[in-house]
Amino acid sequence: MSSTEQGTSSAAPAEPTTAPESAAAPEVPESFYYVHGKDKVVHKVSAGALQHSALIHGMISNLGYTEEQAKANPFPFENIDGDILQMVVDWCNQHKGKPTPPEDTNLPKQKEKLFDLVLAVNYLEIKELLTYCCKQVAMMVKGKSPEEIREIWMIPTDAEDEAAEKEAKKRAGKEAAGETAAAAGDAK
Amino acid sequence: MPINLFKLPRLVGALVVAEMNYQEIFLLSLCSRRTYSLVKKANIKVPKLEFRFDDFHGCDKFEVRVVTNTQKWLPVTSLLHVPELKLETILSVRLGLDYVADTNFCLWRKKGGTFRHRMECANEPIAIQKAIQDHLNSIFHYSETNQLYLSMKCKGSLPNITNVGEIEIKHKNVDPQFLTNVLTTYPDHYTISVVSRIVGEIPKESPFFQIQNIQVMFLCGPDYFHNFVGRNMRLDWVVLTDQDLIQVLQKWISNEAYENLVSLSLSIANTINADLIRQTIEFEEYDPNESEKRPADYVIDIPYTNFFNHKYSLKEAFVEIKRITDGKRAFLSVGATHFDLLVDTN
Numbered sequence: 001m002s003s004t005e006q007g008t009s010s011a012a013p014a015e016p017t018t019a020p021e022s023a024a025a026p027e028v029p030e031s032f033y034y035v036h037g038k039d040k041v042v043h044k045v046s047a048g049a050l051q052h053s054a055l056i057h058g059m060i061s062n063l064g065y066t067e068e069q070a071k072a073n074p075f076p077f078e079n080i081d082g083d084i085l086q087m088v089v090d091w092c093n094q095h096k097g098k099p100t101p102p103e104d105t106n107l108p109k110q111k112e113k114l115f116d117l118v119l120a121v122n123y124l125e126i127k128e129l130l131t132y133c134c135k136q137v138a139m140m141v142k143g144k145s146p147e148e149i150r151e152i153w154m155i156p157t158d159a160e161d162e163a164a165e166k167e168a169k170k171r172a173g174k175e176a177a178g179e180t181a182a183a184a185g186d187a188k
Numbered sequence: 001m002p003i004n005l006f007k008l009p010r011l012v013g014a015l016v017v018a019e020m021n022y023q024e025i026f027l028l029s030l031c032s033r034r035t036y037s038l039v040k041k042a043n044i045k046v047p048k049l050e051f052r053f054d055d056f057h058g059c060d061k062f063e064v065r066v067v068t069n070t071q072k073w074l075p076v077t078s079l080l081h082v083p084e085l086k087l088e089t090i091l092s093v094r095l096g097l098d099y100v101a102d103t104n105f106c107l108w109r110k111k112g113g114t115f116r117h118r119m120e121c122a123n124e125p126i127a128i129q130k131a132i133q134d135h136l137n138s139i140f141h142y143s144e145t146n147q148l149y150l151s152m153k154c155k156g157s158l159p160n161i162t163n164v165g166e167i168e169i170k171h172k173n174v175d176p177q178f179l180t181n182v183l184t185t186y187p188d189h190y191t192i193s194v195v196s197r198i199v200g201e202i203p204k205e206s207p208f209f210q211i212q213n214i215q216v217m218f219l220c221g222p223d224y225f226h227n228f229v230g231r232n233m234r235l236d237w238v239v240l241t242d243q244d245l246i247q248v249l250q251k252w253i254s255n256e257a258y259e260n261l262v263s264l265s266l267s268i269a270n271t272i273n274a275d276l277i278r279q280t281i282e283f284e285e286y287d288p289n290e291s292e293k294r295p296a297d298y299v300i301d302i303p304y305t306n307f308f309n310h311k312y313s314l315k316e317a318f319v320e321i322k323r324i325t326d327g328k329r330a331f332l333s334v335g336a337t338h339f340d341l342l343v344d345t346n
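Same order as they appear, the protein sequences are chains A and B.
Mapping to our numbering: the first sequence position 127 is 127, numbers consecutive.
Mapping to our numbering: the second sequence position 168 is 168, numbers consecutive.
A portion of the hints provided could be inaccurate.
Dumping the calculated DSBU-like pairs for lysine-lysine here, alpha-carbon to alpha-carbon at most 35 Å [as the list claims (entries may be wrong)]:
| no. | chain 1 | residue 1 | chain 2 | residue 2 |
| --- | --- | --- | --- | --- |
| 1 | B | K7 | A | K38 |
| 2 | B | K170 | B | K48 |
| 3 | B | K7 | A | K98 |
If you're looking for bench data, these hints aren't it; they were derived computationally from the structure.
Computed from a predicted structure; not experimentally measured.
Bound conformation, chain A alone (with noise of 0.2 Å):
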């Protein structure tokens, strides 16, 4: 569970809550932190979510941070968006301690997200929600032909890939041709 500590996310604030535990179990107190994105809304996260991203999980490891510390540092993931960072934290928050199943239900269904999920989570390095996201980018082709997967890939053809290699190297050319130039005029 998350709870959005400022700015104007449309996550709804809620208390974090564990998951519950067995009768016989002793009680550990759990510890949180606190991440935030581009948007630079916080999100408490518990430290057995945080588990699965292998990224946070190296990063929380060594610190021993209390409370406090934990809040008044947030991790800062300035490369993703909140609402993408959000829909990986209630991912998250959904599997703690849970084996993940082979297709997950829960895993967010907007299409228009998913280039931008699948960058985010392989950045947070979440290895089972990248299995799922790839999973999802792989079934947008499935029964497609050649033709259409190049559509929907956005794959350009061998005729556009050396055109825009042609075109790289005449600029990668232009470039050096002109900082030849303005080494010379230093030189002078």
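Model the placement of chain B on the given structure of chain A, informed by the hints.
Quick look at chain B alone, frame taken from chain A:
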């Protein structure tokens, strides 16, 4: 909403490929040189490839499947050799880096939601068949032997593929010369399954009898096993005499022949005298008090088609015989219409 596949990190692109089935991977590899390269980098492997050469409404169809380790098959691609392309909509496909073919492409949904595709192509069959095999070997990093299914209904020349280990021939009749052609065209063969009627006598020196594993599903005579020098033979409908079987057993026991034999399994079209055959040899019956003397089961692991009896229970139905020269033992079950000789390879 499209996604730009090449804007994803390369590793993620490879993960996406890994989530696709073999057919989709093949179609993606046709899209461009970059997708071909991406697919190769995804390092997808196949257990075994099967090439099927069959008839489809009067045209030769060249189909490729993946055979799984549990002998299930999954589609990869299907190519129909046509004299000319009928549809104006042309899909130009690049196989490997160099071979380009114009095709009419069709794709349809089957019951259960799975998809199939077919490419119709008027190019020279031997050229495009080779290009397809090279392309698949490349994208699936495949270098193992292939299975080949040949329908005798096909009109064109034998498919131009290499590294064929297992061959199945089906439909109509085959003559010994055709068998020789097949075996010389595909010299890496080690298993053949003939589900067509073999018309004419196969010469003793034919490469057919040198094959390691043979299955014949149509009527044949005792010359098949008399001339056999391979490891496993299964004849599904053989006409023979008691003497033919006695000869086999005596030759095996004395090591006069069948040195490499592992299994000989015969379904007999006529009736034989099993008691008479057993009386001519020395054997040891199964002793339930000493069951540990034999393995409980005997498994023949040959990918024959239509082969249902892979596993034999080596109990009362089998007696044990020994080869004189080296003491090698074999298990024999002989009845009015069956004969199974299974050599202990452990």
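Evaluation of the provided hints:
1. At most 35 Å may separate the alpha-carbon atoms for a hinted pair to count; K7 of chain B and K38 of chain A meet this at roughly 20 Å.
2. About 20 Å separates the Cα atoms of K170 of chain B and K48 of chain B, which keeps this hinted pair within 35 Å; it holds.
3. A hinted pair counts as satisfied when its Cα atoms are at most 35 Å apart, and K7 of chain B with K98 of chain A qualifies at roughly 32 Å.
Of the numbered hints stated above, none is contradicted by the structure.
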